[in-house]
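Asks: Can you build the whole structure from these sequences, using the hints too?
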Amino acid sequence: MTDPAPAASVPPAHDPHDPFVRVRGAREHNLRGVDVDLPRDALVVVTGVSGSGKSSLAFGTIYAEAQRRYFESVAPYARRLIHQVGVPKVGEITGLPPAVALEQRRSAPTSRSSVGTVTTLSNSLRMLLSRAGTYPHDAGERLDSDAFSPNTAAGACPECHGLGTVHRVTERSLVPDPGLSIREGAIAAWPGAWQGKNLRDILDALGYDTDRPWRELPQRDRDWILFTDEQPVVTVHPVREADRIQRPYQGTYQSARRYVLHTFADSKSPALRARAERFLVSERCPVCDGRRLRPEALAVTFAGYDIARLAAMPLARLAEVLRPTADAPGDGVARTIARDLVARIEVLTELGLGYLGMDRATTTLSAGELQRLRLATQLRSGLFGVVYVLDEPSAGLHPADTVALLTVLERLIAAGNSLLVVEHDMDLVRRADWLVDVGPHAGERGGRILHSGPVPALRDVHESATRRFLFRTPPGAEAARRPRRPSAWLRLRGVTRHNLRDLDADVPLGVFTAVTGVSGSGKSTLISQVLAEALAEHLGTAAQAEETTADLTARQVAAVEGLSAVHRLVCVDQKPIGRTPRSNLATYTGLFDAVRKLFAATEEAKARGYTASRFSFNVAGGRCETCQGEGFVSVELLFLPGGYAPCTECHGSRYNPQTLEVTYRGASIADVLELTVDAAADFLADVPAAVRSLRTLRQVGLGYLRLGQPATELSGGEAQRVKLAAELQRATRRDRGHTLYLLDEPTTGLHPADTEVLMRQLSELVAAGNSVVVVEHDMDVVAAADWVIDLGPGGGDEGGRIVAAGTPAQVAAEPASRTAPYLAARLPDGKNPAAG
5 MTDPAPAASV PPAHDPHDPF VRVRGAREHN LRGVDVDLPR DALVVVTGVS
55 GSGKSSLAFG TIYAEAQRRY FESVAPYARR LIHQVGVPKV GEITGLPPAV
105 ALEQRRSAPT SRSSVGTVTT LSNSLRMLLS RAGTYPHDAG ERLDSDAFSP
155 NTAAGACPEC HGLGTVHRVT ERSLVPDPGL SIREGAIAAW PGAWQGKNLR
205 DILDALGYDT DRPWRELPQR DRDWILFTDE QPVVTVHPVR EADRIQRPYQ
255 GTYQSARRYV LHTFADSKSP ALRARAERFL VSERCPVCDG RRLRPEALAV
305 TFAGYDIARL AAMPLARLAE VLRPTADAPG DGVARTIARD LVARIEVLTE
355 LGLGYLGMDR ATTTLSAGEL QRLRLATQLR SGLFGVVYVL DEPSAGLHPA
405 DTVALLTVLE RLIAAGNSLL VVEHDMDLVR RADWLVDVGP HAGERGGRIL
455 HSGPVPALRD VHESATRRFL FRTPPGAEAA RRPRRPSAWL RLRGVTRHNL
505 RDLDADVPLG VFTAVTGVSG SGKSTLISQV LAEALAEHLG TAAQAEETTA
555 DLTARQVAAV EGLSAVHRLV CVDQKPIGRT PRSNLATYTG LFDAVRKLFA
605 ATEEAKARGY TASRFSFNVA GGRCETCQGE GFVSVELLFL PGGYAPCTEC
655 HGSRYNPQTL EVTYRGASIA DVLELTVDAA ADFLADVPAA VRSLRTLRQV
705 GLGYLRLGQP ATELSGGEAQ RVKLAAELQR ATRRDRGHTL YLLDEPTTGL
755 HPADTEVLMR QLSELVAAGN SVVVVEHDMD VVAAADWVID LGPGGGDEGG
805 RIVAAGTPAQ VAAEPASRTA PYLAARLPDG KNPAAG
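Each position in the sequence shown, counted from 1, maps to that position plus 4 in this note's numbering.
A portion of the hints provided could be inaccurate.
Between beta-carbon pairs, the in silico distance windows are [unchecked claim]:
{"#": "1", "residue 1": "Ala689", "residue 2": "Gly613", "range": "26 to 32 Å"}
{"#": "2", "residue 1": "Val637", "residue 2": "Tyr139", "range": "56 to 62 Å"}
{"#": "3", "residue 1": "Asp597", "residue 2": "Arg277", "range": "47 to 53 Å"}
What the hints contain is simulated information worked out from the structure, not anything from laboratory work.
Idealized CB from N, CA, C, for every residue including glycine.
Replies: Pasting the structure below:
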């Protein structure tokens, strides 16, 4: 039964001279009645293996309690407008100041959200152009600043509505395989039936050859079929459909282009819209040339640049353009706005984000980049006496940028604030004023405070998994291993995308490759975009030579060699495995299918006529209809914000009583969903289909998660390992070898002990004849690689080049590489430049 929430609404009395935040009886999630004291006005780091209870302490308890107290101080009506974390399960907390949380949110608010809007820099830039811009001689009144925004009707380009791109269809997008005939389905964009008639029969009656390969049809015929406007059509001859003679068809012909555009714009079905979108090509708007604004706004300049060019500049370059105005004497409007912009940009540059442009969409940013943008905003807020609770601020940071991050964090403390940081980066952990280590393991085997005090004292806590990584001086055994030799190579030539300019890159196969470089150097562009797209195209439909050339041109790649050596591609990124609680560990891995079939095969289920669908909480019949299988219901209150509460009918089980009456080995379907992976491995040991899924989940260190744990509760690192487990599970059912695994920072959110588990799995994949390529900042991972590709030397315009490539030892010796000194520290006889 769930523990009751604390009833006290008045915080306990606190000695104002006590310098500690004191937590007593914390029971959130797996915390076991935790008592801990944390100093204020200090850098306090909370660490421990994944799932040990770190976030439950920092966010679920301390931040949640600070927010609850603030929440109770505001007017009842205002409470409805505030998102509330929830009431934590804790006895009492004393000495707690107001708190601000900077979490690793995984998605941007909207597709129009950008670096400029998140930081509010775009507001200041628009004001600068409006008040101090140079207007053309024939311009009328000065424009308002709601006119320099692509997100308003006054400023948006009328053609693309401020998006900068327009959608169109091409013959290539509508007909991906021109070697097929119409009868064989060459026009992939068309559904099987069209307005109740079979398309190919109608085209037959109109005189078109539907059995001839598409590429052999005359161009005028191809253009009419794909692109003609709506035209009345009357077939001359009867249309034969199956073995029945139908009347001549009379109606309006709708081309493939019109069908796709109409469906994408007007269809109420998300599935149909998504299908239509596959056949659309996004192009730069021909009216605004991708600059998103009306001509009147683009005619105004500052320092010789229009607002679109200023917003597209890397922030570091924009600061250079604004600095002469900011440093000019006087107190003019232009100087005031420019000084504010330069000061705010300098904070972002300190955090390693100077390579970003103000117009960069937040949907393209990593979670770490988003968090650092919000951190920079807090630095300029001028708040003091606040506890900042941060979730892995080093995520996505190259070791060279960690020192700069520490400088920024120290400035927050110097301003009179406290920092509570959940972190796994040992270089940052070493710099803590106070260390809290949670563990010793994950889930039910964790939730205890193993150490709370100065960092050196952890050396004596032998139960701690953090201890051996924090005080380890010699590199691990993996670093001394002789690198494997590549079995083949993927060779990319003339890659030009984003900041990659005519780049040649060789990626080895049959080995473990790490791609490194500072943030913004071009790693993800090269691997997760260009290489992944080239392989996906190769492994898709068998394309002809001219089609392949066209695709390479679209990707701005001159040539790709060696693709035939790869038979399968697996991309594992950091996106969530689901956006709603309906998606969970069991459903994502396919494990739940085996469980539902297991229950359907019981004698009780057979006697009642229950099939596997009866045991799905997504289908009417077996689920609880009160909560529609969610397990909780939305609660709307008159003077309080809406929230969620366990369903009063099923009490969170998701199923109706009749379904729960069917049991397997004494457990209902809801009971099985509450099992951890470790417990389920014993309970379902005689179910082969379940054993396979559970084994791979345990192999990647996720044995502590519950089978029914909602996707929304998983951290980024957990979600990525779930994806990897799902792919490993599929691989066991196929021929091993010749698979290329591309992973984007797989150690994000992982404690070094969890990273060791992950590395063992990746090493086994390579040993089985596969290839693994990771974009990675963890130098322990890079040191264990067989081959390293280092991009840089900087980010943005200062990056995009391969600075070094070779074995870890070879790259560590490259003087031009910013990665080299940090990599050298992980190799035998190395010294860590960040340890001081």
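Asks: If a hint holds in the structure, say so; if it does not, say that too.
Replies: Status of each hint after checking the structure:
1. Ala689 <-> Gly613: 26 to 32 Å: holds (29 Å)
2. Val637 <-> Tyr139: 56 to 62 Å: For Val637 and Tyr139 the Cβ distance comes to about 57 Å; the hint holds.
3. Asp597 <-> Arg277: 47 to 53 Å: With Cβ atoms ~28 Å apart, the hint is violated.
Checked against the numbered hints above, the structure breaks only hint 3 and satisfies the rest.
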